[in-house]
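Q: So the chains spell out like this:
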Amino acid sequence: MIPEISHLLAILAAGLFLFSLLVILTSSALSSSDSIIRLSLNCFNAATIFLISAFILYVYLAVMDDFSVKYIAMHSNSDLPIFYKISSIWSSHEGSMFLWILFLSIWLWLFVNRLDPQSNLFRYVIFFSAMVLLFFLLFLLVTSSPFERILPLAPINGGDINPVLQDPALVIHPPMLYLGYVGFAVPFVYICAYLADGEFRQGWETIIQKWSLYAWAFLTLGIGLGSWWAYYELGWGGYWFWDPVENVALMPWLAATAFTHSIHASTKSGVLKSWTLFLGLSVFILSLFGAFIVRSGIIDSVHSFANDPQRGLTLLLITGVIALISFGLFSFRSTKIVNSRLVVSGSKESFLSLNNILMITSIFSVFLGVIYPLITQYFYSTKVSIGPPYYNTIFAPLIFIAACFIALSVESKWQRKWKLTETLSKLGIPILISCFLTFIVQSFHQYSVSLIQMIGLFSGTFIISIYAFKLLMNLVNREFINWSSAVSHLGFGLLLFSIAVNSIFSYEKNLKLNVNEEYISEELEISFDDLSLQDESNHQRIIAQINMKIHDKVISFSPEKRKYFTRGQVTSETDIEATFLRDIYINIGEQLDDGSWTFRVQFNYLIKWIWFSVLLMILGILIRSRAIV
Amino acid sequence: MKSKIRYIFLLVPISIIVFFAYVISQSQNEASQPLNLELPEFQLQTLDDKTLSEKDISSGTYLINVWASWCITCRVEHPFLIDLKDKGVPIIGLNYKDDKDDAINWLKNFKSPYEISIHDFYGTLALDLGVTGAPETYLLKDGIIVRRHIGELNIEKWRQDFAEFF
Chain A
1 MIPEISHLLA ILAAGLFLFS LLVILTSSAL SSSDSIIRLS LNCFNAATIF
51 LISAFILYVY LAVMDDFSVK YIAMHSNSDL PIFYKISSIW SSHEGSMFLW
101 ILFLSIWLWL FVNRLDPQSN LFRYVIFFSA MVLLFFLLFL LVTSSPFERI
151 LPLAPINGGD INPVLQDPAL VIHPPMLYLG YVGFAVPFVY ICAYLADGEF
201 RQGWETIIQK WSLYAWAFLT LGIGLGSWWA YYELGWGGYW FWDPVENVAL
251 MPWLAATAFT HSIHASTKSG VLKSWTLFLG LSVFILSLFG AFIVRSGIID
301 SVHSFANDPQ RGLTLLLITG VIALISFGLF SFRSTKIVNS RLVVSGSKES
351 FLSLNNILMI TSIFSVFLGV IYPLITQYFY STKVSIGPPY YNTIFAPLIF
401 IAACFIALSV ESKWQRKWKL TETLSKLGIP ILISCFLTFI VQSFHQYSVS
451 LIQMIGLFSG TFIISIYAFK LLMNLVNREF INWSSAVSHL GFGLLLFSIA
501 VNSIFSYEKN LKLNVNEEYI SEELEISFDD LSLQDESNHQ RIIAQINMKI
551 HDKVISFSPE KRKYFTRGQV TSETDIEATF LRDIYINIGE QLDDGSWTFR
601 VQFNYLIKWI WFSVLLMILG ILIRSRAIV
Chain B
1001 MKSKIRYIFL LVPISIIVFF AYVISQSQNE ASQPLNLELP EFQLQTLDDK
1051 TLSEKDISSG TYLINVWASW CITCRVEHPF LIDLKDKGVP IIGLNYKDDK
1101 DDAINWLKNF KSPYEISIHD FYGTLALDLG VTGAPETYLL KDGIIVRRHI
1151 GELNIEKWRQ DFAEFF
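Protein chains in written order, with this note's numbering: chain A, 1 to 629; chain B, 1001 to 1166.
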């Protein structure tokens, strides 16, 4: 009974969104009437409440192990702890979409109710919000319903959650990421409304700025958590793989970063308005595009947990319609947008506009990397794999230019030409420090350091030292400092610095050892002491005991493999010895025919700093959002 | 903005949509399941420098798994293939457009699930088979290909389409 109620509530929500949409359409034909807009808003609110109730009931079903619901039966299990039962909802396609739509409706609901119903944009905001929600809710109900049941004979137990996903990070990584993706629906619907209205009043940027910053924070946190999960838990041995699914998350992130910068310039000095509008639309469209790539499974990816080309086509259609409506509005209406001022060359705005161009370039480069394998596959029938070499080469010069722009724009002023000598005199010390450090690393490192790594190291150090210098001046001379900008850019500099140091100094060893065998080299000794088997409720554990002697210190490791009974899947649990500067990371591989086991031992430098720097960037943005009323 | 430039904002999304619609329609055409095709003739070197031709595997039931060291999904698929091998399913690897040393190293590092692995550097056999990429799995029964699966083979696909033959 409860599954039907939940299903019915979701259907009713779709009906109410449709009704709200139709009411708005009649209201524009009848010339604005307050009571009609009220009615539409009430429908919208009711629809959201229905959708939230439907989801709460669904969570209840998952917690109570109702295996008559097909989706729950396939992805949950009565042995699971309660937080896995709940998070099993988003462990595959249907439930993920459900959660995604729930978040979409909550964001838009909060936004719509904060707006002034008297404002002339209001009806357009409701219209576009209801339209987007209706599209996706219909997609959920028609092509990927999580409400299907197995009747009359429900299975006694469920098929279990995908073991790869059986990790605490599953509870938090997808929700954060989705909150980020759909959070950009707020600026999206508002910009659509603004363009459709066509009166182009001033001050629209401030209404959506705070929302965009929050969405940016969620998106960044979501991506950061995914990277952390891949490294610590999934045993992939790295933090970023340039996998298609990561790339389609990176594209909206780059667009969102450009957007938050551009909207800042628009609010501060009334320039770059078309840019801001365009970027605001692009972030959400790129998020939808990402959802399409992930769900359709047309690109091979390690993230392909749930895909189906048929659904892909429907998603493509929805994304296409939304993109054409919004970009169509943009291309026909934005000709009338007038910036209140012109950009003065050498001013802060000029660097922000260059930043926009830079970001668009990087988005396009990533996009090309994502679709190039498809182009060769379908038009030339050859398979190519585009990996880290392409992206590293593309990003190195872009990062270098970005670092230079950051440096110049820090010292520049709004609306004023820069004073070249003054700027350069302030940049002298940071340039010297970063050149010196890069030179030291380059000449004393035992292996050769590539140009790309040097660029990364230089850019990171450069940005860090600029802001460190700024902070110092603030402490000593009480000079003005923009805290949010300083903190988030310090985070960005630290990110580049830690990535560069990580790629220069980290190394790995692949070993083949029998039990009681030792590996001895100049710098370390590794002994494989024991191998034990242990049976757990739903899996078998194979645990290796490894002792490592490094710099006269003995560290013991116990990496393990887990074999899950229900699906026969094997996962690998790494063991990590983490210190401030370095992680030692051991991963157990396969048993070879001669009885020996393979091990992957990695020495990863500054890897924790990468996540710390992501948190710094988010902190900077949160400081900024507090300053906006 | 100049009036002609603005059409770019429509043309770019349209061309992207058309491109992906084409890609999806192609990938759907190829996803056909039950087959009845004869194994094409071939004579290729294996990774351990033997020669293999279609006559060597013309009787019995085999899986032919297309893989490459550059293929990430093959790594995800790998533990399941090892499982199949342990259950006694004979798997023939078709190493597709791969550097030979990389391929041999990959098998060393991850353990080989294959009885033997054909080194199809130029993709000639793969072309005859209609391979679209890695991983891909074919089921060969007495010289006839009866099943084909594009993408990662997992327990669900296995039970659905392949298990009945073993």
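None of these hints come from the bench; they were simulated from the model. Be aware that one or more of the hints could be misleading.
[Unchecked claim] Lysine-lysine pairs mimicking BS3-like chemistry, simulated, CA-CA at most 25 Å apart:
| no. | chain 1 | residue 1 | chain 2 | residue 2 |
| --- | --- | --- | --- | --- |
| 1 | B | Lys-1111 | B | Lys-1157 |
| 2 | B | Lys-1157 | A | Lys-563 |
| 3 | B | Lys-1141 | B | Lys-1050 |
| 4 | B | Lys-1108 | A | Lys-509 |
| 5 | B | Lys-1111 | A | Lys-509 |
| 6 | B | Lys-1055 | A | Lys-512 |
| 7 | B | Lys-1157 | B | Lys-1141 |
| 8 | A | Lys-426 | A | Lys-413 |
| 9 | A | Lys-512 | B | Lys-1100 |
| 10 | B | Lys-1111 | B | Lys-1100 |
| 11 | B | Lys-1141 | A | Lys-336 |
| 12 | B | Lys-1111 | A | Lys-512 |
| 13 | A | Lys-563 | B | Lys-1004 |
| 14 | B | Lys-1100 | A | Lys-563 |
| 15 | A | Lys-509 | B | Lys-1100 |
Q: Which hint numbers does the structure go against, in order from smallest to largest?
A: 6, 11, 13 and 14
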